[in-house]
Each structure stands twice: as structure tokens, then as C-alpha cells.
Amino acid sequence: MRSYALRRLALAVPVLFGVTVVVFLVIALVPGDPALAILGSYATPESVARLNAELGLDRSLPVRYLAWVGNALTGDLGRSYALDRPVLDEVLERLGPTLILAAAALGLSALFGLAAGVASAVRQNGWVDRAIGLALLLGVSTPSFFLGLLLVLWLSVGLGWFPTGGMGALFGGGGIADLLRHLVLPAVTLAVVATAILGRLTRAAMLDVLRQDFVRTARAKGVEEDWVISVHALKSALVAVVPVIGLQAGYVLGGAVYVETVFQWPGVGRMLVEAIGRRDILLVQGGVLAVAALYVAINVVTDLAQAALDPRIEV
Amino acid sequence: MSVLARLLRQPFAVAGLALVLGFVALALAAPFLPLLDPNATEPANRLAAPGAAGHLLGTDQLGRDILARLIFGLRVSLAVGVAATLAAALVGGIIGLVAAFYGRWVDGALMRLVDVLMAFPYLLLALAVVAALGPGLTNAALAIAIVNVPFFARAVRGQALGIVRRDYVAAARLAGFSDLRILVSEVLPNVAPLLIVTAATTIGWMILETAGLSFLGLGAQPPQADLGSMLGDGRKVVAAAPHVAAAPGVVVFVLVVGLNLLGDGLRDALDPRMKGAETGVPQPATRVERGRAASGTLGHEASGALANSVLDVRALSTAFATPRGSFPAIRDVSFALRAGEALGIVGESGSGKSVTALSLARLAPTPPGTIVSGEVRIGGDDVLDLSLDALRRLRGDRIAYVFQDPLTTLNPLMRIDAQIVEAIRPGPGEGAKALRARARALMADVGLPDPGRIARAYPHELSGGQRQRVGVAMALANAPDVLIADEPTTALDATTQGRILELFARIRRERGAALIFVSHDVGVVAHLCDRIAVMYAGEIVEEGPARAVAERPLHPYAARLIACAPQLGQPDKPLAPIPGAPPAIDARPDGCAFAPRCDHAIDACRAGPIPLEDAGDDRRVRCIRWRELLGEAA
Numbered sequence: 001m002r003s004y005a006l007r008r009l010a011l012a013v014p015v016l017f018g019v020t021v022v023v024f025l026v027i028a029l030v031p032g033d034p035a036l037a038i039l040g041s042y043a044t045p046e047s048v049a050r051l052n053a054e055l056g057l058d059r060s061l062p063v064r065y066l067a068w069v070g071n072a073l074t075g076d077l078g079r080s081y082a083l084d085r086p087v088l089d090e091v092l093e094r095l096g097p098t099l100i101l102a103a104a105a106l107g108l109s110a111l112f113g114l115a116a117g118v119a120s121a122v123r124q125n126g127w128v129d130r131a132i133g134l135a136l137l138l139g140v141s142t143p144s145f146f147l148g149l150l151l152v153l154w155l156s157v158g159l160g161w162f163p164t165g166g167m168g169a170l171f172g173g174g175g176i177a178d179l180l181r182h183l184v185l186p187a188v189t190l191a192v193v194a195t196a197i198l199g200r201l202t203r204a205a206m207l208d209v210l211r212q213d214f215v216r217t218a219r220a221k222g223v224e225e226d227w228v229i230s231v232h233a234l235k236s237a238l239v240a241v242v243p244v245i246g247l248q249a250g251y252v253l254g255g256a257v258y259v260e261t262v263f264q265w266p267g268v269g270r271m272l273v274e275a276i277g278r279r280d281i282l283l284v285q286g287g288v289l290a291v292a293a294l295y296v297a298i299n300v301v302t303d304l305a306q307a308a309l310d311p312r313i314e315v
Numbered sequence: 001m002s003v004l005a006r007l008l009r010q011p012f013a014v015a016g017l018a019l020v021l022g023f024v025a026l027a028l029a030a031p032f033l034p035l036l037d038p039n040a041t042e043p044a045n046r047l048a049a050p051g052a053a054g055h056l057l058g059t060d061q062l063g064r065d066i067l068a069r070l071i072f073g074l075r076v077s078l079a080v081g082v083a084a085t086l087a088a089a090l091v092g093g094i095i096g097l098v099a100a101f102y103g104r105w106v107d108g109a110l111m112r113l114v115d116v117l118m119a120f121p122y123l124l125l126a127l128a129v130v131a132a133l134g135p136g137l138t139n140a141a142l143a144i145a146i147v148n149v150p151f152f153a154r155a156v157r158g159q160a161l162g163i164v165r166r167d168y169v170a171a172a173r174l175a176g177f178s179d180l181r182i183l184v185s186e187v188l189p190n191v192a193p194l195l196i197v198t199a200a201t202t203i204g205w206m207i208l209e210t211a212g213l214s215f216l217g218l219g220a221q222p223p224q225a226d227l228g229s230m231l232g233d234g235r236k237v238v239a240a241a242p243h244v245a246a247a248p249g250v251v252v253f254v255l256v257v258g259l260n261l262l263g264d265g266l267r268d269a270l271d272p273r274m275k276g277a278e279t280g281v282p283q284p285a286t287r288v289e290r291g292r293a294a295s296g297t298l299g300h301e302a303s304g305a306l307a308n309s310v311l312d313v314r315a316l317s318t319a320f321a322t323p324r325g326s327f328p329a330i331r332d333v334s335f336a337l338r339a340g341e342a343l344g345i346v347g348e349s350g351s352g353k354s355v356t357a358l359s360l361a362r363l364a365p366t367p368p369g370t371i372v373s374g375e376v377r378i379g380g381d382d383v384l385d386l387s388l389d390a391l392r393r394l395r396g397d398r399i400a401y402v403f404q405d406p407l408t409t410l411n412p413l414m415r416i417d418a419q420i421v422e423a424i425r426p427g428p429g430e431g432a433k434a435l436r437a438r439a440r441a442l443m444a445d446v447g448l449p450d451p452g453r454i455a456r457a458y459p460h461e462l463s464g465g466q467r468q469r470v471g472v473a474m475a476l477a478n479a480p481d482v483l484i485a486d487e488p489t490t491a492l493d494a495t496t497q498g499r500i501l502e503l504f505a506r507i508r509r510e511r512g513a514a515l516i517f518v519s520h521d522v523g524v525v526a527h528l529c530d531r532i533a534v535m536y537a538g539e540i541v542e543e544g545p546a547r548a549v550a551e552r553p554l555h556p557y558a559a560r561l562i563a564c565a566p567q568l569g570q571p572d573k574p575l576a577p578i579p580g581a582p583p584a585i586d587a588r589p590d591g592c593a594f595a596p597r598c599d600h601a602i603d604a605c606r607a608g609p610i611p612l613e614d615a616g617d618d619r620r621v622r623c624i625r626w627r628e629l630l631g632e633a634a
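Protein chains in written order, with full-length UniProt numbering: chain A, 1 to 315; chain B, 1 to 634.
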């Protein structure tokens with residue numbers, strides 16, 4: 001297992017390298033005067049000149065890339081001139097809320113997506129299957145920014161069950177209960193699309209597994225049908241589904257951009273949208289880099305989880 | 001059946017097609033419709049409710065007509081979605097084709113690039129691109145197209161890899177055609193359906209995401225408006241006038257639902273295999289619908305119920321549903337088994353021997369199978385009458401199975417001892433530890449070396465023979481009355497086959513369970529079993545004591561089958577394969593099913609169903625000429 005983990009980690013290195021190149025190019029290829037773009041509308045001629053020197057824009061692209069990566073590795077992602085603070089500080093502060101939101105949404109989607117997929121597959125082509133299939137199709141077609149608005153309008157503004165936005169103050173007296181009250185609507189909104197995608201994949205994986213001979217063997221042994229489905233079939237289906245949960249994290253982290261905007265959730269997604277609006281390029285760069293690195297790490301973890309589930313994967 | 005016909009057969013896809021066509025028509029016709037100017041402001045008439053005079057859907061915060069804006073916004077969203085999809089398909093398609101065609105470092109480099117693009121959370125990369133290029137509808141669409149390129153590249157490359165290795169591509173290369181010409185004329189047509197499916201299933205996403213960027217204020221900029229930016233504007237007044245946001249929201253949702261319904265339908269129509277629904281997944285037990293069979297009880301009278309039988313099968317028929325209707329896979333199968341007796345069922349592939357074996361505990365797959373007539377009595381109970389729960393308790397306890405390929409029949413993710421323990425019915429107060437001890441004892445019983453090690457192993461860590469011994473151990477767990485082995489040695493090499501057969505012979509001696517041994521190998525069966533039943537085209541054509549049938553078969557098919565089996569110790573015996581092939585399940589004749597391949601067939605053989613006749617000496621045969629043929633042979 002350990003050697004497999006090391007090999008999987010090693011595979012992540014070139015991917016991370018590529019990610020840094022792409023993120024670097026985003027700023028390097030910004031049309032016009034990069035220093036002006038970075039400093040945004042707050043720029044004075046002196047600060048532009050200073051930044052140009054700081055960024056070493058007279059040097060070649062590879063040299064600038066190496067300098068940038070070197071700084072990034074030591075935690076220096078540059079400075080947000082609009083916010084007047086280091087990018088890293090801002091990104092780290094915003095990453096926590098996004099992680100809470102994304103984890104809640106992924107958890108919900110794994111729970112309901114697996115349940116829907118299994119229920120659908122064991123009743124293949126029956127009316128339950130068709131109903132779930134239609135519901136999942138509606139789910140993948142849902143614009144989460146619109147769903148969020150509807151939920152706020154109905155459950156927060158209309159019925160007053162939930163706050164209309166914000167995250168609540170965990171350490172400001174609200175405690176966990178207050179956080180959860182603020183979390184419900186954004187997490188549900190974010191989970192809808194992921195649930196639908198996962199439900200469809202789980203159904204397909206279960207249909208594949210239920211056709212296999214060992215399911216018949218289990219039934220021939222007189223094993224309870226619930227056990228056949230939940231242990232024999234579902235565990236095999238999970239081998240195919242778990243890596244997809246890792247990919248789901250990508251949709252969830254991306255979708256968080258909308259949801260955080262609608263619910264004023266103080267996460268990285270909203271930070272990015274605001275930073276793009278201010279042309280705060282270094283903050284965008286740092287935020288995208290952090291989330292992409294997080295995503296690469298999540299996929300390493302789900303691949304390891306898959307290896308732990310399936311003894312046939314060479315470890 | 002054409003793609004269009006298959007598409008139109010799916011009600012959901014038709015609904016999707018209707019929605020999409022409706023939206024497209026609306027978008028195309030927008031300039032010609034009697035609509036108000038979508039950009040004409042009317043400050044006196046701001047946020048008018050739907051149904052207000054002159055404004056069917058009301059007005060927005062600038063007093064602009066929502067209906068007109070909606071239809072023109074739809075036009076923009078659709079155009080942008082289509083453009084982004086085409087761009088992604090074009091670039092992704094080229095990357096995929098080039099990577100597959102040139103292989104080596106070109107493939108490696110392009111695929112690493114794709115990997116890196118996919119290493120970003122989907123929308124984040126789009127945000128980064130918009131951040132670099134600046135907000136705007138074109139840039140947003142470009143960003144969405146870029147993040148979708150990898151899906152097209154991967155799909156196309158996967159398909160094209162199979163095609164570039166084909167002979168006709170090699171031939172085109174040898175003929176000196178240019179690479180471009182080969183790609184366009186030989187490879188592209190083969191990946192086109194996949195390209196269309198990928199486009200059809202991703203266009204909904206792309207419209208959704210582009211609208212999302214506009215909603216965030218990063219896409220369409222005023223005065224330009226798409227559905228997303230309308231929704232974003234509406235959000236600002238959502239509490240006071242929810243209809244301003246609701247109208248574009250609903251239209252985006254319904255449009256994407258339509259596109260996704262159509263995309264799914266198109267995928268299923270272009271590649272029916274991808275649906276995987278040709279045959280459904282097997283249900284926990286074969287469906288029983290007796291009384292549907294019109295065939296009566298041919299041969300039933302001859303089955304002669306045995307007084308002390310542990311298994312009594314009468315007139316069992318299992319039908320399989322096919323696209324052309326339901327046809328019997330096995331018909332009027334009757335036999336009985338005493339305690340300790342072994343019956344061998346032999347026949348070619350498709351003779352119905354496995355369906356017979358599986359039907360006894362209702363393990364024949366439904367769909368497509370349905371048991372349409374007969375009885376399966378085990379100690380007085382008719383298995384076909386049992387509730388699902390009673391059937392489950394019977395399985396593995398009184399009737400147990402050993403299947404063909406032990407690699408696929410054992411659960412690859414479960415340790416061996418867990419799979420054996422699962423087969424054991426615990427006695428009162430028997431805990432996990434006691435069950436594991438019993439599992440070890442069973443493993444020792446079936447001759448597995450080092451049970452301690454093998455208990456903790458996974459199936460892929462064992463040899464084929466070891467795996468099959470595990471299968472036997474599971475089947476013996478509760479000392480069943482009837483043990484059914486369905487070609488248990490077919491997937492094994494010759495030496496291992498011999499050892500497993502020895503195991504079955506020993507089990508017979510020591511356990512006294514009745515055994516049904518299904519095989520295509522007459523020699524094996526004659527050696528192991530007391531009785532033989534020969535099956536052809538779903539029917540028993542001959543049944544009797546093993547030695548008698550093997551040495552002096554009465555039915556012409558049984559005779560041919562035995563003649564073409566190689567015999568140990570007689571390597572020079574000429575093998576005479578039977579010319580022709582058995583009839584397909586849906587093309588079986590009314591009369592004797594073997595008549596078309598039989599040297600002795602006469603008109604009377606083809607006239608109608610042939611009964612299974614008592615031939616004396618405890619033998620039965622389904623041939624009207626067996627007496628004559630016996631006389632000729634003598």
C-alpha cells in the first residue's frame with residue numbers, strides 16, 4: 001500500500017507542475033501592461049514602475065516562471081494591492097469556508113447519489129427507475145445559481161426558516177448550530193448537480209456489477225438480498241464510483257463559485273469573482289492555484305481509497 | 001433501424017427534441033416576432049408584474065419588456081452555447097485525432113496537456129481564463145470551450161486509437177495518401193458519431209456554465225444580455241419582483257433539460273450498447289408464470305415419480321424473451337434423483353443443460369428467463385411455489401451450486417473465509433469465531449492446503465483449482481440434499497480438472513448428497529455419474545443408466561455426441577464431428593429438433609412433437625425410430 005501511495009503521489013507531481021505553468025501563463029499572457037492589470041484601477045505611476053521592477057518583467061518567461069514558483073513554494077504568492085495584504089493570507093482565510101461548504105455538499109451528494117443510483121439499478125426499467133432517472137436528469141440540468149435564488153426566496157425570505165446568506169460566526173457566539181443553519185441552503189444547492197451526476201454513475205456501475213457471476217453465487221448461497229445488494233454489489237460498484245467522487249469535488253469546488261456568490265458565503269469562489277471584478281490578478285492567480293492544488297490532492301486521496309477497496313490493484 | 005427511428009422511439013428523447021426545436025425556432029424567429037424593443041426603457045413602468053398591460057411577463061427594473069428580453073436573451077445564450085460546443089468539438093477532435101494518429105511523443109505531449117487541463121476544477125479554469133482576457137461574452141464562451149476541450153480530446157482519441165490500427169488505414173498509408181486525407185476520409189467518419197454524442201451531451205453544460213459566468217457579471221456586458229446576465233440583474237430585485245429573475249431562470253432550466261433529454265436519447269440511439277438495457281440485470285429469482293405454456297406435458301407420463309426421491313423435476317419449461325418474442329430455452333424437462341444418486345446432464349452449448357440446472361433453484365436470469373411450466377419438488381415442497389424468503393432459505397441449505405469459472409463466481413473484493421462463512425447457516429448460539437472455524441474445516445475437507453493462509457487471501461491470489469475448491473467448500477457448507485455442479489471443470493486446465501473430478505467423486509462417496517453434474521464431456525459424466533441425461537435444443541433426448549447410455553446410446557444424437565468425444569486410452573479413435581449446428585432458440589422445428597442433422601431422419605420425424613418414450617431397462621428416449629435403429633445396429 002505504501003509503495004502504491006508513493007507512486008500515486010509521484011504521478012501527481014508532473015500534474016502539479018502543469019497546473020503551475022497554466023496558472024503562471026494566465027498572468028504572463030494578460031494583454032496590455034501586466035503591472036497596470038495587477039495593480040488595477042488603484043495604480044499610481046510610481047507603483048506601476050515599482051511593480052514592473054519587482055516582477056522582473058524585462059526577464060524571459062522561463063526565468064520569471066522559476067522565480068514565481070520559487071516564491072510560491074515558500075508561501076509568497078505576491079500581494080493583493082486592492083486588499084493591501086499578502087495573497088496567501090487572504091486565500092488561506094477564504095479556503096476554510098469553501099472547504100466546509102464543499103465537504104458538506106460532497107457528503108450530501110455521496111449519500112443521496114449512491115442511494116438513488118442503487119435504488120434505481122435494482123429496479124431497472126421499473127417505474128421507480130424511471131422516476132429517479134427523470135429526477136436525476138432534472139438535477140444535472142439545474143442552474144445552481146437559479147436554484148439558490150429560489151431557495152432563498154422561498155425558505156429564507158418567505159418562510160424565514162434559514163438566514164438569507166453569510167456563514168454565521170462559529171466563534172462569535174453562534175456556535176455550531178448557527179453555522180449549520182447558515183450552511184443548509186448553500187450545501188443543498190451545491191449538492192443537487194453533484195448528486196445527480198453521481199446517481200447516474202452509480203446506477204450504471206451497479207447495473208454492471210449486478211450482471212456479474214459472483215452476485216449469482218451469493219444468491220445461490222442463500223445470502224439475504226439486502227446483503228447481496230449492499231455488500232457484494234455496492235462495494236464493487238464503489239470501486240468504480242469512488243474515483244468519480246474525486247472528480248465530483250471538481251464540480252463542487254467550481255459550483256461553489258455560484259453558490260458562494262448567491263449566499264454571500266465568504267469562500268474562495270466569491271473571493272475570485274470579486275477579484276476578477278477588481279482585476280486583482282495576483283489574487284485570482286493565488287486562489288486558482290490553491291484550489292487546483294487542493295483538487296489534485298483530493299484526487300490522490302480518492303485513488304488511494306479505491307486501492308484500499310480493491311485488493312486487485314497492485315500495491 | 002435508423003438512428004432517427006431509434007431516437008423517436010424514446011418518449012423522453014422526443015420530448016427533448018420538441019423542447020429544443022421549439023426554443024431554436026423561437027430564437028431564430030425573434031427578429032420577426034411582434035415583440036417590443038428589448039432595450040427600450042420605460043422608467044415610469046418599472047418592475048411591472050406579469051400580465052401588466054402590454055407586458056405579458058412584466059418589466060424589469062429599467063421598465064424593459066421581459067418577454068422580448070427573454071427571447072432575445074435565449075437567442076444569445078443558444079448561439080453562444082452552440083459556438084462554444086463547436087469550438088470545443090473542433091479543437092478537442094483535432095487533438096484527439098492527431099494524438100491517436102501520430103502516437104508516440106505527440107500523443108504523450110498532447111495527453112499530458114489534456115491531463116493538466118483536467119486537473120483544474122472545471123469552472124476554476126474558466127474563471128482564470130476570464131480573469132486573463134477580461135469579462136465579456138466572447139471571452140466567457142471561449143473559457144467554457146477551453147475547459148471542455150479535454151472531454152472531446154479524450155473521447156475522440158480513445159475511439160480513434162482503435163481505428164488507426166485497422167487494415168484499411170494501413171492500406172491508405174501504403175498507398176501514399178497524405179496524413180490529412182487519411183484522417184479526414186478514413187478516421188473522421190468513424191469518430192463522427194462519438195463526436196456528435198459528446199457534443200449533444202455537453203452542450204447543456206456549456207450553456208449552463210456560460211449563463212453562470214454571465215450571472216456572475218463575467219459574461220455578457222450591458223447592453224448585451226443573455227439569460228444568465230438577465231438572471232444576475234433579476235437577483236438584485238429578487239425580493240421585490242421575483243419574476244424578473246424567475247423568467248430567465250426557468251427558461252435556462254427548461255432549455256437545458258430539453259438538451260439533456262435529447263443528448264441522452266441521441267447517445268442511446270447511436271450506441272444502443274451504451275444503454276446496457278438490451279437485457280436487464282438478473283432479478284433475485286427466476287420469474288415463474290406457469291399456465292402460459294401450451295405444450296402440455298410431453299414426457300411427463302414417462303418420468304415415473306420415484307418413491308424416495310430427493311429431487312423430482314416434472315415438465316419444467318423455461319422460456320427466454322427475445323426481440324422476436326418468447327421462446328422455450330428448455331421444454332418439458334423431467335427427471336428424478338434419489339439420495340446419493342448422481343445425474344450427469346450433457347449436451348452442446350445452447351442445449352439447455354445450464355438453464356435446466358439454474359432453473360432448479362430459480363437462478364436462471366430474469367430477464368430474459370421465465371419458468372412457464374413444471375414443478376421442482378425438493379422433499380415435498382415445490383420450489384416454484386416458494387416465497388422469495390423461503391426460496392432464499394432453501395438455497396445453499398438443501399440445494400447448493402458449484403459454478404463454472406471460479407474467478408468470476410467468487411467476489412473479487414472479499415476474503416475467502418468471509419465468502420465461505422457467508423454460505424454457512426449458523427446454528428443456535430454459533431458466533432463469528434465458531435463460523436470461521438467451520439470455514440477452515442470445510443477448506444480442509446475440500447483439500448485446500450494451508451487453510452490459515454488461504455482463508456485470508458483474495459480470490460485473485462489463488463490458483464484456478466484452489467478457487468474451485470473454495471466454490472465446492474461453499475456448496476458443501478450446509479450438507480445440501482442436492483449438489484448441482486454447472487460445468488465446474490470447464491475453465492480449468494486438464495490436470496486440475498482431473499483433481500477436481502476426484503474431489504467430486506470423493507464427495508459422492510463420503511457425503512451421500514444427490515449430485516447433478518452438468519458437462520459437455522460425456523466421458524467425464526459417464527465416469528462420475530449413475531445416470532446420464534442427454535439434452536438437445538432444450539429437451540432431454542435420452543436418459544438412462546450411465547454405463548448403458550455411454551455404451552449403447554439409443555438416440556441418434558446421443559450416439560453422435562458420444563462418438564465425437566475423445567476417449568482416454570484410444571487416441572487413434574476417429575472423431576466424427578456432427579455436421580451442422582443446433583437450431584437457434586427461436587428457430588426450433590415442430591418435430592424432432594435433431595432431424596435436420598440426423599442421418600436417419602424420415603418425414604414422420606418432422607411431423608410433430610416427439611414424446612419421450614420408455615425404452616425399458618430404466619431408459620427413456622425421444623426418437624420414433626429407436627427400435628428400428630437398434631435392430632440395424634445389431
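Fair warning: there could be bad hints in the mix.
Restricting the straight-line Cα-Cα distance to at most 25 Å, the calculated cross-link-like pairs of lysine to any residue (SDA-like) are [to be verified]:
#, chain 1, residue 1, chain 2, residue 2
1, B, Lys236, A, Phe162
2, B, Lys236, A, Glu224
3, B, Lys433, A, Glu224
4, B, Lys236, B, Pro223
5, B, Lys236, A, Gly158
6, A, Lys235, B, Pro412
7, B, Lys236, B, Gly134
8, A, Lys235, B, Arg436
9, B, Lys433, A, Asp226
Hints were generated in silico from the structure; no laboratory data involved.
Here's how the hints hold up against the structure:
| no. | hint | in the structure |
| --- | --- | --- |
| 1 | Lys236/B to Phe162/A | holds (19 Å) |
| 2 | Lys236/B to Glu224/A | violated (55 Å) |
| 3 | Lys433/B to Glu224/A | holds (21 Å) |
| 4 | Lys236/B to Pro223/B | holds (17 Å) |
| 5 | Lys236/B to Gly158/A | holds (17 Å) |
| 6 | Lys235/A to Pro412/B | holds (10 Å) |
| 7 | Lys236/B to Gly134/B | holds (23 Å) |
| 8 | Lys235/A to Arg436/B | holds (22 Å) |
| 9 | Lys433/B to Asp226/A | holds (23 Å) |
Going through the hint list in order, the structure does not satisfy hint 2, though it satisfies all others.
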